[in-house]
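Heads up, the sequence shown is in UniProt numbering, so the first residue is 1 and it goes up one at a time.
It is worth saying that the hints were derived from the structure and are not from the lab.
Just so you know, not all the hints are guaranteed correct.
[Said to hold, decoys possible] With a Cα cut of at most 27 Å, we get these calculated DSS-like pairs of lysine-lysine: (1) K876 with K846; (2) K274 with K71; (3) K71 with K59; (4) K763 with K723; (5) K763 with K846; (6) K912 with K956; (7) K876 with K608; (8) K815 with K977; (9) K628 with K451; (10) K918 with K357; (11) K423 with K895; (12) K745 with K723; (13) K815 with K745; (14) K628 with K160; (15) K876 with K274.
[Stated by the list, open to error] Simulated restraints on C-beta separations: (16) P958 with E814: 46 to 54 Å; (17) N103 with E899: 37 to 45 Å; (18) P958 with G825: 43 to 51 Å; (19) D908 with H350: 16 to 24 Å; (20) V472 with S906: 50 to 58 Å; (21) S916 with S477: 31 to 39 Å; (22) G162 with K249: 22 to 30 Å; (23) G825 with G877: 43 to 51 Å; (24) G720 with Q253: 24 to 32 Å.
From the three backbone atoms N, C-alpha and C, an ideal C-beta is built for every residue, glycine too.
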Amino acid sequence: MAPANVLYAALLVPMVLYLAVTRRRSRRLPPGPAGLPLVGSLPFIDPNLHTYFAGLAAKHGPILSIRLGSKVDIVVTSPELAREVLRDQDSVFANRVMPDAGNAVSFGGVQNIVGNPVGPMWRLLRRLCVHEMLSPSGLANVHDLRRREFRSTLRYLHTKSGEPVDLGAQMFLNTMNVITSAMWGGTIGSESERAAVGSEFRGLVAEVTELLGTPNVSDFFPALAPFDLQGIRGKMERFRSRFDLMFAKIIQQRMKAQQDGGETATDFLECMLKMEKEGGDGKAPFTMDNVKALLLDMVVGGTETTSNTVEWAMAEMLQNPQVLKKAQQELDSVVGRDEVVEEWHLPQLHYLRMVIKETLRLHPALPLMVPHSPSAASTVGGYHVPEGSRVFVNVWAIQRNPLVWNEPLEFNPERFAGDEGHKWDFTGSQFDYFPFGSGRRICAGIAMAEKMTAYSVAMLLQAFDWKLPQGVQPDLSEKFGIVMKKAAPLVAIPTPSLSSAFLYITIVRHRRGGDLPPGPAGLPLIGCLPFLEPNLHAYFARLAEKHGPVFSIRIGSKLEVVVTSPEVAREVLRDQDHVFANRVIPEAGRAIAFGEEDNIVGNPAGPKLRLLRRICVSEMLGPSGLSKMYGLRRREFRSTLRHLYMQSQCGTPVCVGAQMFLTAMNTITNSLWGGKIGSESERTAVGQEFRALIAEITELLGRPNVSDFFPVLAPLDLQGVQKRMRGIRTQFEHMFARIIQTRAKAEQDGGEASSDFLEYMLKLEKEGGDGKTPFTMINVKALLLDMVVGGTETISNTVEWAMAEMILNPRILEKVQQELDQVVGRDSLVEESHIGQLHYLRLVFKETIRLHTPLPLMVPHCPSSTSTIGGYRVPKGTRVFVNVWAIHRNPRVWKAPQEFIPERFSGDDGQKWDFSGKEFDYFPFGSGRRMCAGIAMAERMTIYSLALLLQAFDWKLPEGTQLDMDEKFGVVMKKAKPLVVIPTPRLTKPELYS
């Protein structure tokens, strides 16, 4: 061989060997036990598979492979590798491996949500579950059905006082009844028939879950599956046939009831039958098999997981009496013993929530989760994972990891307290705590599971004291299966602890559509009218403490509903926004409005509202509209600066609210039409006339009016409010006519066309609308009035509140001025362009409208059809108040909620609270389609006003004056006593003020 060839061979052979070894390593399976030929490790597996896998992980590492029969399984036991599977490669590992028994019992093979591969069908099924049955509004719709079942359990346990009770079995029955009632219980014939259906279901579900957890030769050796050697498939197919007959009977009953003219139910079955009738969502078909498969998913998937968690929680607390005592003390503090705990109490039960979280840490319902299966060969932790292999994530072992959890085997709910503990939630974003899974396959029923588990434990602990039978020791041994069970059922003895036996036997009857929310009784004819307090927002907040986060109150002949929690506010403003989008306008508002429903405030949701809102947001209140009018705004702010400087030279106290009202008024009217209103004196005269009228309008709008409480008396106008408002409207009519005529004459005389808001509206009026909706001169006048009335007091009051809070908290005022000195200095005046750099001042603004929301009860909403919120019926046409003032002071959300702390809005946590209306514990400008159209203008003008006042002047109270922070409720929130302070110039050059 030639020397060159020898050299090439010497170089080539090592290279080939290196590539072969590298390729082999790159496709190397994770380490694991060797096993035996054919059967692998099957003879050695322990019944408690989760602990067996954890033991193997201690030997082979955080990712291991194990051959069970002819199947390769991969087990992941570390947060880092769980993140790889469930987040980083979620798209690859999103499919599931279904056991043969699961396929046999499922309708149509994989027509259910558990086994369906990711795709259009799976997305449709999940959307139905999450958005319809398991969403906040879906859960609220069946609240009274849940309440009925829980009260039934309460009565039963009361009859067993002093006797041993199998808690797991009892909570299984309770959960089963709740879930079946939520799916179809509203229209299942008589009470006895409902009980019979529930009893049959309980038997079937118990057998199905037992077989799903039974080791099956068909799963370990798929080639033998057609022979069904253990008969499991045959049994499951028979169970499916029985389920089929039961579902068919339920569906036929529903259809017959509707054909007979019965009222349409609002449960999950109704939603699915509607979808089945439509044939799907246009992307995936939806058949009767899907209906039945989803019904079965809900029943089998939700019962044992919830009831077992309740049983584990109770067992752990009986083992740890100090935890049980602390949970009961919290219940006594929040609820007391003179009434039964309700779902609306749950958000206040912080310690109980920690107990549930700790229970799910130690005893996750599915310790190995439902196995994932890669749709393509992949790499996890540097090891090869073949396509189609079964991948277990041992969440049980991960949540007991001593590197993460201090004393991980101890039951310690306090580990979830504080900022550090709050990071562990049920979202699946933390991979050392994810009891409900993570990624796109995260459990769809988290909201329902959390609510039902917490409510079950709360009811058991509030209504009873519990002890183990004499001589029995707590047994916390586990039994692995499709879900994690106690090896020995928890048997305990209840002793009633409520103040009256009557509380245990009260029967909750289901009323179609639900009951009205609770509330004060009131007097005949006049309701609670004599008891109303001037500060309605604070009065409603106190009623909510007694009656719950959604309550009803009758004022005169009118029914009002008041919402005082983020969860129920979300139902009104987001989940059912289309139902609650209309407004209730007081008689005074109707009298002042041009065309009553031709303005943006009172117009019902529809094409006209969308046009009016688009005009406002796109033209005047959008970024380009605001930029066009900057010169006019700057002129008015400089005029205010000159006036304040003159007052400071005399040492004269200034009424901040009144001065900022004038500034806001002049700024807004100038933006509307100020470019073409003749002379400066004429513009000033128009502004003065407007100021007087608006002051009277806001006073009349906030005045209690008999016509609103007794609509039948509205035509009589007993207080003369409507008459005076119509008179004011006539004055506005003349003023607008004069302004419009002046504009038209200027253009006829060849004057330059203006580019303000009035000009745009006149052009649109001349065109007759946008081609879809007409736009008339009445709309022009109505929108002008909306802008003037809606923008002035809200902005000026917010500036006044912010100044008052900073004078009360000098540290904050000093910090704002330091920021202004750093960004702008004292040698030039602050401009709007500086606002983006004034980060701390923006925090001050956000905190001001948290504590002093301009519209504390918002403009009342009105459902266009009878609806359900918080589990209660809200009739069509009811006036619905959302007490955003109380929600913004909720101690569950806000630390020291009564304190003025701008810093709470800093950092990543604080930044989530913005003005988008997405967070329902902070939405000062509202949310949904009725959200304030003028957010950009309000934010810009308020911050610029504050920046100018604080950069140009120091401020102090007059000698001997105390600052009064009392509120005065009205159409907008005012200070009860105006803020009067003395300005002292702080700029370096006096000419800056002139």
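Report task. Any hints from earlier that this structure breaks? Give me their numbers in increasing order, please. Result -> 1, 2, 4, 5, 6, 9, 12, 13, 14, 16, 17, 18, 21, 22, 23, 24
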